[in-house]
Amino acid sequence: MSEIENIHVIWLPGQACTGCTVSLLNASHPNLLDLLTGFIPQAAGVTLDYHATIMLPWGDEALSAVNAAEKGELAPFVLVLEGAIPDESKAKETGGYWCVIGEDEEGNPITFNDRLDRLAKNAAAIVCAGTCASFGGIPSGKPNPTGAKGAMDYLGKDWKSSLGIPIINVPGCPAHGEHMAETLAYAVLAMRGFLPLPALDEHNRPLFLFEHTAHENCPRAGLFADGKNSHEFGEPYCMGTMGCKGPISHCDVPKRGFIEGVGGCPSMGSPCIGCTEPEFPDPPFSPFLSKAPASFFVYEKIRSFGGSADAVWCRIKDALIGRDL
Amino acid sequence: MVEKKITIEPVTRIEGHLGIHATADMDGKKYTDARSFGTMFRGWEIILQDREPADAIWITQRVCGVCPTPHGIAAAMTVDMAYQAPPPPMGIAVRNLIQGAEQLYDSPLGCLILEGPDYSQAVVEKSNPDWWDAAKITESPKTEFHGFATIADIMTALNPISGALWQKSLAIGKVGRKMAALLGAKHPHVNTLVPGGVAKTLTPTDLEQYAAMLAQHVAFAKEFIPVMDDLLDFVLSMGYSECGARENNMVSFGGYDDPTAYNTNYAEMGDWAKKRSVSPGVIIDGKLKTQDLIEINVGVQEMVESSYFDDWEDVRVNEDPLGNPLTKYHPWNKYTKPHPGAYAKWDGKYSWGTSVRWLDWKGNSELNTVELGPIARMWATAIGKLVPESTGTSLKFALPKATIIPYRNAEAMEFEWKVPEKVNTVERIRARAYYHAYSAYVLYLTVLAGLGLVKDGKAKIWNKYSKAKNGLGVGMHEAMRGGVAHWCIMKDGKIENYQIMAPSTWNSGPKLGESDLGPYEAAVIGSPISEVGEITGLDVVRTIRSFDPCLGCSIQVYSGDKKIVHIPEI
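As they're listed, the protein sequences go chains V and G.
Residue 1354 is where the first sequence starts when you use our numbering, and the numbers rise one by one after that.
Residue 3 is where the second sequence starts when you use our numbering, and the numbers rise one by one after that.
FYI, nobody ran anything at the bench for these hints, they're computed from the structure.
Predicted, not measured: the structure shown is a model, and the values here were computed from it.
Errors might be hidden in some of the hints.
[As the list claims (entries may be wrong)] Restricting the straight-line Cα-Cα distance to at most 30 Å, the calculated cross-link-like pairs of lysine-lysine (DSS-like) are:
#, chain 1, residue 1, chain 2, residue 2
1, V, Lys1644, G, Lys462
2, G, Lys420, G, Lys170
3, G, Lys339, V, Lys1445
4, V, Lys1495, G, Lys469
All chains should be modelled from the sequences, with the hints used to inform the complete structure.
Take a look at the structure:
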């Protein structure tokens, strides 16, 4: 596959807020311009053929690449979805629509869903930018007025692209800019055969980004282990007692920061709200200031007890038998 | 008359899903009719119902990822009031710093990445060749400050991706969001705003780090404003002053609260809002009608005659907490019933947007069609005489010395934004640029005030509160695109009604009755057709983009009758 010269990107917004687009501008290594100019020859040749927020043309002209991709005349292309996918059959009941992108030749509206159906048939890969495209996000929050859902629910969990690649979810509200840029570059290198496909977790999130919880990644976890909890906002200790959902959320922001190492939710003193998780923004993540279920801490204590016993035993062993390293 | 109807869908380089249907008079070379229509709906206010009010601080930011922070702040103010949880002064100072950081990123994004390419070589050389010929031989009056010799050089720098100004905006914008992340944990969608203040462990060097990044924006402003002045003055000189013009009717809610004046008392809102660094005000025909934020609040009306919603009958609250009369169209009373309808039905319901007007309830009882935006708040502040920088006809301030490599102008620089004769496409963009410099100035003073609070031992940024069960809240201030306002009715600790009104709700809304057009629509009508060749709607999109549309914001939600709008998950 390494002979693929150009890889096109269609960035299609559904029920989106553009937050993931703005967040992509936060990416560092690589950043957006690196992705477009190609920072090494193996990653070069990526063209952004449709992105409504930053492209020069407007109206019909803007959609020419999308129309070509729908007809199979633009290949290969990566479809990046931003925003949730509504249930248009509900809007049709009263003769209307939830989300439209452009018109056909007769001036009839084309829904986002129609475009997604056609593009999914030809896409070389689908990357979901953010929690809305991945899992439905806030538009799908109870009572889900528009029947919003994520791409995996809409296209089917077993959906695979023409290249045999499953949907890759990069959740987060918004998705982390570095997560998106690293995943897109990874996808390009994988399509060209320079990397294996990324290992994904049960929710199709790349393990290299989402294997560990925010709690495991949090600089304050050490203080928690030492029994120090915050009881007021502003305190520098564990935020679990102030509503942090870090123990049940998979995210590396506490460790990585948000923009070039700056920021990070619980690590700065604000509770994690679980924005990378499929149930967000509903319970157990909301109310956001409510505390995460206590059961987690019981299991953690059991594991922690085992870990402490291991740490003590290793030291006794050194003293009794001698150090092997 | 040779008429041509064009539909531009999607309007790109904006936030969200928007279409414009316009009628062009090809003989008279101008636009004679226009309809603005939002093409996406999600249902935020319905999703907010029955949740804990504090959750609105996180959820409402997600209506828009371009301008989330103002929603977070408006929600925090609304919930502060409903809970009666007043933050300490440092909490307000830090909220201002987070809010302002976003303005610093959002202004160059609007001017140079969203709107700028409409004046780039790539567009102008093809569509306005006469402008391009003139630009090549027009020297930039302020070359010494920005380094571009001719106007054509500035236009070339605005080409997407390859242009120097386009790229610079990308880089400096990131610094703005990084400042927001420093105190807000992340951006977009900051995470540290809570009722009663800010959830951030303030470190001894936070303000210092913030100031170092602010200095980059100070240095940037000293190139950015001169370059925008040169470009925009040139565009005006090409006979463009009628493009996007409409009457000088505007509203500003004011912004950047005084840390020692802000409180959670509705009765005092009119007083503390007057102490903001950006002044509130209703401007009719260029003149101030009122500066009282309570009077402004009571006059807000939202109607759905041309929108995909059904009207409602009930009135929840007859008067505000001071006994001022509220109509059924005031947001506290809004019941919205989403009702998806046919596409492109220009004489009926044609948009997911709504028609918002300001009722002069104390005066002549007229419904005023007003626009919101940087030009409205700069105008209100300049003529308001509530801040020392206001001269009555201009806003005058100076940015301090900042030696930042590789920027050109280290020395302190004076800026003066003068009230223009009329609101039009060019002046909306100019006001957006100047608001960057004014924000940098306000934030510099805020950093100094913050250091003073720390020195005085007042570094506490959050006050403990006990949550009330019932309450009423409102939070009104300025987002980049204009005033943003939230309203909440809390019952038994849960949201009974939550309403979000963004600036683009006012600006992008559909017509009311036969002739009362929304601001986008009115601004397009009368605009000249400057482009040559096949008509693409260039002057229309320039006008629409001068408002810096944010459709995600304007069409979020609408709390409705749950029985009607509840759609079970499938």
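Evaluated hints:
About 23 Å separates the Cα atoms of Lys1644(V) and Lys462(G), which keeps this hinted pair within 30 Å; it holds. Distance hint between Lys420(G) and Lys170(G) is fulfilled; the C-alpha atoms sit about 26 Å from each other, no more than 30 Å. The straight-line distance between the Cα atoms of Lys339(G) and Lys1445(V) is roughly 16 Å, inside the 30 Å bound, and the hint therefore holds. Taking the CA atoms of Lys1495(V) and Lys469(G), the gap is near 23 Å; set against the 30 Å cutoff, the hint holds.
Of the numbered hints listed earlier, not one is contradicted by the structure.
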